[in-house]
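S.K.: Chains as they are written, first to last, in the working numbering: chain B, 1 to 324; chain V, 1001 to 1375.
If you're looking for bench data, these hints aren't it; they were derived computationally from the structure. Quantities reported herein were computed from a predicted structural model and do not represent experimental measurements. Where hints are given, some of them may not hold.
[Unchecked claim] Simulated pairs of lysine to aspartate or glutamate, EDC-like, Cα-Cα distance not exceeding 16 Å: (1) B:Lys239 to B:Asp252; (2) B:Lys228 to V:Asp1098; (3) V:Lys1364 to V:Glu1230; (4) V:Lys1364 to V:Asp1227; (5) V:Lys1364 to V:Glu1213; (6) B:Lys213 to V:Glu1057.
[Stated by the list, open to error] Covered, in the sense of this in silico footprint (three residues per stretch, anywhere, with C-beta under 8 Å from a C-beta of chain V), are these stretches of chain B: (7) 209–218; (8) 226–239.
[To be verified] One-sided and incomplete, this derived list gives chain V residues near chain B with beta-carbon spacing under 10 Å: (9) Leu1056; (10) Ala1076; (11) Ala1077; (12) Ile1081.
Glycine residues also receive a C-beta, built at the ideal position from the N, C-alpha and C atoms.
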Amino acid sequence: MAQLGTQIESVAGARRIEATQPRLSRWRALEESRLFPAVLVLPILIFFLVWNIIPLLWLLGVSFYRFKLTSAQPEQYIGFENFRRLWESSVYWGTLGRTLTFMVCSVGLATVLGILLGLLFWGSARMPGRRLALTLLFTPMILPPVAVGTFYRLIYDPTFGVLNYYANRITGKTYDFLGDKELAFWALVAVDVWMWTPFMTLMTLAALGSVPKAELEAAEIDRLPWLKRLWYVVLPHGKFILMLGILLRTIDAFKTTDLVYLMTRGGPGNRTELVGVTLYRQGFEAFQMGNASAMAVIALLIAIAFTSIYLYVLNYRETRAALR
Amino acid sequence: MTGTNTILEFRGIAKSYGATPVLQDVNLTVESGDFLVVYGPPAAGKTVLMRILMGLETPDAGTIHLRGQDATRVPAAQRNIGYVPQSFALYPHISVHDNIAYPLRLAGVSERDAEPIVQHAAEMLKISDLLKKRPDQLSGGQKQRVAIARGIAKQTDIYVLDDPLAGLDFKLREQLVDDLRGLQQSWNATFLYTTSDAIEALTLADRVAVLAERTIVEAGTPEQLYDAPERIETMRLLGFPQANFLPGEIAERNGSLVCRTPLFEFAVRPDNGAVSASHRSVTVGLRPESIAIASSGSANGAIQAPARVLLQEDLGGEEIVYLDANGVSLMTVVRHDTFEGTIPDRITIALDPTALIVFAPDGKRVGQGVPVGHV
Chain B
1 MAQLGTQIES
11 VAGARRIEAT
21 QPRLSRWRAL
31 EESRLFPAVL
41 VLPILIFFLV
51 WNIIPLLWLL
61 GVSFYRFKLT
71 SAQPEQYIGF
81 ENFRRLWESS
91 VYWGTLGRTL
101 TFMVCSVGLA
111 TVLGILLGLL
121 FWGSARMPGR
131 RLALTLLFTP
141 MILPPVAVGT
151 FYRLIYDPTF
161 GVLNYYANRI
171 TGKTYDFLGD
181 KELAFWALVA
191 VDVWMWTPFM
201 TLMTLAALGS
211 VPKAELEAAE
221 IDRLPWLKRL
231 WYVVLPHGKF
241 ILMLGILLRT
251 IDAFKTTDLV
261 YLMTRGGPGN
271 RTELVGVTLY
281 RQGFEAFQMG
291 NASAMAVIAL
301 LIAIAFTSIY
311 LYVLNYRETR
321 AALR
Chain V
1001 MTGTNTILEF
1011 RGIAKSYGAT
1021 PVLQDVNLTV
1031 ESGDFLVVYG
1041 PPAAGKTVLM
1051 RILMGLETPD
1061 AGTIHLRGQD
1071 ATRVPAAQRN
1081 IGYVPQSFAL
1091 YPHISVHDNI
1101 AYPLRLAGVS
1111 ERDAEPIVQH
1121 AAEMLKISDL
1131 LKKRPDQLSG
1141 GQKQRVAIAR
1151 GIAKQTDIYV
1161 LDDPLAGLDF
1171 KLREQLVDDL
1181 RGLQQSWNAT
1191 FLYTTSDAIE
1201 ALTLADRVAV
1211 LAERTIVEAG
1221 TPEQLYDAPE
1231 RIETMRLLGF
1241 PQANFLPGEI
1251 AERNGSLVCR
1261 TPLFEFAVRP
1271 DNGAVSASHR
1281 SVTVGLRPES
1291 IAIASSGSAN
1301 GAIQAPARVL
1311 LQEDLGGEEI
1321 VYLDANGVSL
1331 MTVVRHDTFE
1341 GTIPDRITIA
1351 LDPTALIVFA
1361 PDGKRVGQGV
1371 PVGHV
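Whole structure, please, built from the sequences with the hints as guidance.
M.R.: Right, dumping it as structure tokens:
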């Protein structure tokens, strides 16, 4: 009986909606016209074309030329010569490998630490001063890399750096963190992790926030152990946001330039030279625009590859879930 | 107040969110083996009350006594209550089968013992063919059934079902109502069940508790509450179509009490002398099915009044008829098997005065109509 009553109500409701339709008809005609979607998309398309597509094509074009800004000679088309030279350069391969190591170490550590901190903050929702602690935690992320690079150079300084002060007290030795060929790379990884762990904490908190409260409550009533709670309840919901965070960080870490340039300029030797640094030096110190463009194209392709892998992994899991 | 078989008791529970009070002074006792339905309009606070019972919310005031002990501060994990939450809350990562079986395994049931329980629950809820699927592959109704199966699969003595049939298809609802009832009786477990559907409440319950205006206004068997409500809210909320209410005035005539309404007068038998001159203006409640359309001959002892038919709503087997009687809106139900032919525009209604219940302005029942000359 109750169902029938509501049915009658809903029929009455539908009639009311019909009655208001004529007023909307002009808008509807616009909405239904085929041009309407195009009109909506046009501004962003223009923006995209002017700021993304054209520079990219330009970059691609330049990479096929011998083009030196300091040379009086006109630029010369050389086909894949720039790419061939990079392919054969053991130095460039070394830089690529180093960049990948940097990326994996930096993103990996920042992710693990970020998740741990995120869980800590999540679990301490009622801790006094939590908000202040969170704000303080996020400061490294807000600082410009220039500032971070500068003050870490001071912290790492072998003669008056604060880190050496303590290292000296404990071990009795002095370390040139940025000048030592074994230490410099890891000193940079440490700074990058310090800078970006808060970002992963933020992503973790967002991921945790996307978990439905009711499911966590069900887990509590069912007495799920905390690790299973994470695995069965939190991860299935939170993995997308977390993966997105890792993806963004991976691409970003691959491009790391400013921090390294400021702290070591790629040295000692080329121990800390990452692809971004090489590219910058080729382009703006040696003014080899053709060569630098070729490097940029390769970097772009690698970034696209990473993105595709992540998207594929995410999609694959979903498809498999749907098929099961 | 506490009986020997009391398994669960709310004492003076209050809860507010910010400045908005949701529950105030809720008192309710549940006997072991009862099927208790907490019935109330949507957003009355039923879910909050269930969440307080589950330990998912802490009451601002009052205590909960569970199996004879104060459980107000006992964490949710230790209350050992089967729970079907209003939102399905299934584990998205694992199959339907594991969703039902996993809580059992965690509670220490061996795999061999758990399997028949899972199969039985799945069979009852007609989800046996879904056991291998994952929650994200199910429709809303299917998820709901899995949630019910998971809740009742728990091996315990108290089950809380928070509006579990809301939104399910009509046929399935009816069948599940029967199944849940049968299940509860065969287990002799205590069921707490919330709903905002009056028919569901009346069909399922051993006892109904009416939650309105932030508190339990009345609790009793469905018959008690339907036929002889003690509170005006109970009569207003419980039943479909809704009860009719008329303004009335109590007066004394020839040493007995009469109640005068815009339509008719009737003699009142006060409850325990509760009615006096202090209850001059009252509200008279009347169930729609107590109003009959009078045939030409007048029935003995019945009150009659002229009325005009405003609207008829055909529900198939019966019809809801909206009437205007001397400016008072009334609703009646006419069953097609008892009334033949079409209903004319102007009719005479007839009603048995014992069906009239008199409520004081504070909402408490103070008396009942009696046939003339029977005071």
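S.K.: State for each hint whether it applies.
M.R.: A quick look at each hint next to the structure:
For the given pair, Lys239 (chain B) sits about 20 Å from Asp252 (chain B) by alpha-carbon distance, which is inconsistent with the 16 Å threshold. For the proposed pair Lys228 (chain B) and Asp1098 (chain V), the alpha carbon gap of about 13 Å is at most 16 Å, so the pair holds. Taking the CA atoms of Lys1364 (chain V) and Glu1230 (chain V), the gap is near 6 Å; set against the 16 Å cutoff, the hint holds. About 15 Å separates the Cα atoms of Lys1364 (chain V) and Asp1227 (chain V), which keeps this hinted pair within 16 Å; it holds.
At roughly 14 Å between alpha-carbon atoms, Lys1364 (chain V) and Glu1213 (chain V) fall within 16 Å of each other, so this suggested pair holds. Proximity of Lys213 (chain B) to Glu1057 (chain V) is assessed by CA-CA distance (about 13 Å); at most 16 Å being required, the pair is judged to hold. Using a Cβ-Cβ cut-off of 8 Å, 5 residues of the segment 209–218 of chain B lie near chain V, which meets the minimum of three, so the contact claim holds. Beta-carbon proximity to chain V at under 8 Å applies to 6 residues in the segment 226–239 of chain B; the threshold of 3 is reached and the given coverage holds.
Restraint check, Leu1056 (chain V) versus chain B: the minimum CB separation of about 5 Å is within 10 Å; hint holds. At its closest, the beta carbon of Ala1076 (chain V) sits 5 Å from a beta carbon of chain B; the interface hint therefore holds under the 10 Å criterion. Interface hint at Ala1077 (chain V): satisfied, since its Cβ lies 5 Å from the closest Cβ of chain B, which is below the 10 Å cut-off. Nearest Cβ of chain B to the Cβ of Ile1081 (chain V): about 8 Å, under the 10 Å cut. The hint holds.
The structure does not agree with numbered hint 1 stated previously, though it agrees with all others.
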